[in-house]
Amino acid sequence: GMATATILRRPAARPLMTSEDFLNWLQPGVFADLIDGEIVKHSPVNLRHARLINFLDRLLGGFIEHEDLGELHRESVAVRLSVRETFLPDLAFFTKAQASRLADTHAPFPPTFALEALSPSTAHHDTGRKFAAYELHGVQEYWILDPQELDHHFYRRAGDMLAEFAEGADLIPSTSIPGFWVKRAWLNPENLPTVRACLSDVLASI
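When we follow the numbering used here, the leftmost residue of the sequence shown carries the number 1, and every step to the right adds one.
Please keep in mind that the hints were generated in silico from the structure rather than gathered at the bench. Wrong hints could be hidden among the right ones.
[To be verified] Simulated pairs of lysine to aspartate or glutamate, EDC-like, Cα-Cα distance not exceeding 16 Å: (1) Lys96 x Asp68; (2) Lys183 x Asp201; (3) Lys96 x Glu75; (4) Lys41 x Glu67; (5) Lys96 x Glu71; (6) Lys96 x Glu65; (7) Lys96 x Glu67; (8) Lys183 x Asp151; (9) Lys183 x Glu167.
[Said to hold, decoys possible] Between beta-carbon pairs, the in silico distance windows are: (10) Asp21 x Pro173: 37 to 43 Å; (11) Ala99 x Ala204: 22 to 28 Å; (12) Ala185 x His124: 25 to 31 Å; (13) Glu190 x Arg101: 36 to 42 Å; (14) Leu150 x Glu65: 34 to 40 Å; (15) Trp25 x Asn191: 19 to 25 Å; (16) Leu171 x Ala103: 21 to 27 Å; (17) Ser76 x Asn46: 16 to 22 Å; (18) Lys183 x Ala123: 30 to 36 Å.
From the three backbone atoms N, C-alpha and C, an ideal C-beta is built for every residue, glycine too.
I would like the entire structure built from these sequences, with the hints used as guidance.
Rendered as structure tokens:
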């Protein structure tokens, strides 16, 4: 009958999860993304990844606090982009206006600036499906850093696209966080400068 035909047309379809179900499923200390309705767990963090994110969290966080620009969040804050897409970016910057609209349990809209440090097992998501989702949902700037190969890429809003900028440049000026920049040489987790020295450099140039 009809039931059989229906089953044949949908071979072993995995039920897609909604962002609401995913947010309910998430527990403190569990790090995953919901990509196209499927849960993708983050890799266990390696130290190169952790050191680079720690450095940028403190540098960018210090700058944002000094300039009173908004809030910077780490991967414990879930960002709901659509009914089937909720990501936990390594770093996400929300302007003051955005920060005032954050929900108690998650961000119900994309950050202005997102940063992901690649892990070997999830790199293709950050550069593929997550990139496309950030692009589609209006993220203004997206940095993809590679702690292993130091092959860093920087993208900024260009109409309805995220376009690469600062290719090969020694100094990378943020296009969405006014006055913030980094030197490419600072982004090597094997040889990190002090946050304090870098922050005074950046603040001195405003």
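Hints and how they fare:
| no. | hint | in the structure |
| --- | --- | --- |
| 1 | Lys96 x Asp68 | 8 Å, holds |
| 2 | Lys183 x Asp201 | 10 Å, holds |
| 3 | Lys96 x Glu75 | 19 Å, violated |
| 4 | Lys41 x Glu67 | 34 Å, violated |
| 5 | Lys96 x Glu71 | 7 Å, holds |
| 6 | Lys96 x Glu65 | 11 Å, holds |
| 7 | Lys96 x Glu67 | 11 Å, holds |
| 8 | Lys183 x Asp151 | 14 Å, holds |
| 9 | Lys183 x Glu167 | 12 Å, holds |
| 10 | Asp21 x Pro173: 37 to 43 Å | 40 Å, holds |
| 11 | Ala99 x Ala204: 22 to 28 Å | 26 Å, holds |
| 12 | Ala185 x His124: 25 to 31 Å | 27 Å, holds |
| 13 | Glu190 x Arg101: 36 to 42 Å | 39 Å, holds |
| 14 | Leu150 x Glu65: 34 to 40 Å | 28 Å, violated |
| 15 | Trp25 x Asn191: 19 to 25 Å | 39 Å, violated |
| 16 | Leu171 x Ala103: 21 to 27 Å | 36 Å, violated |
| 17 | Ser76 x Asn46: 16 to 22 Å | 19 Å, holds |
| 18 | Lys183 x Ala123: 30 to 36 Å | 24 Å, violated |
Hint check: violations occur at hints 3, 4, 14, 15, 16, 18; the rest are consistent with the structure.
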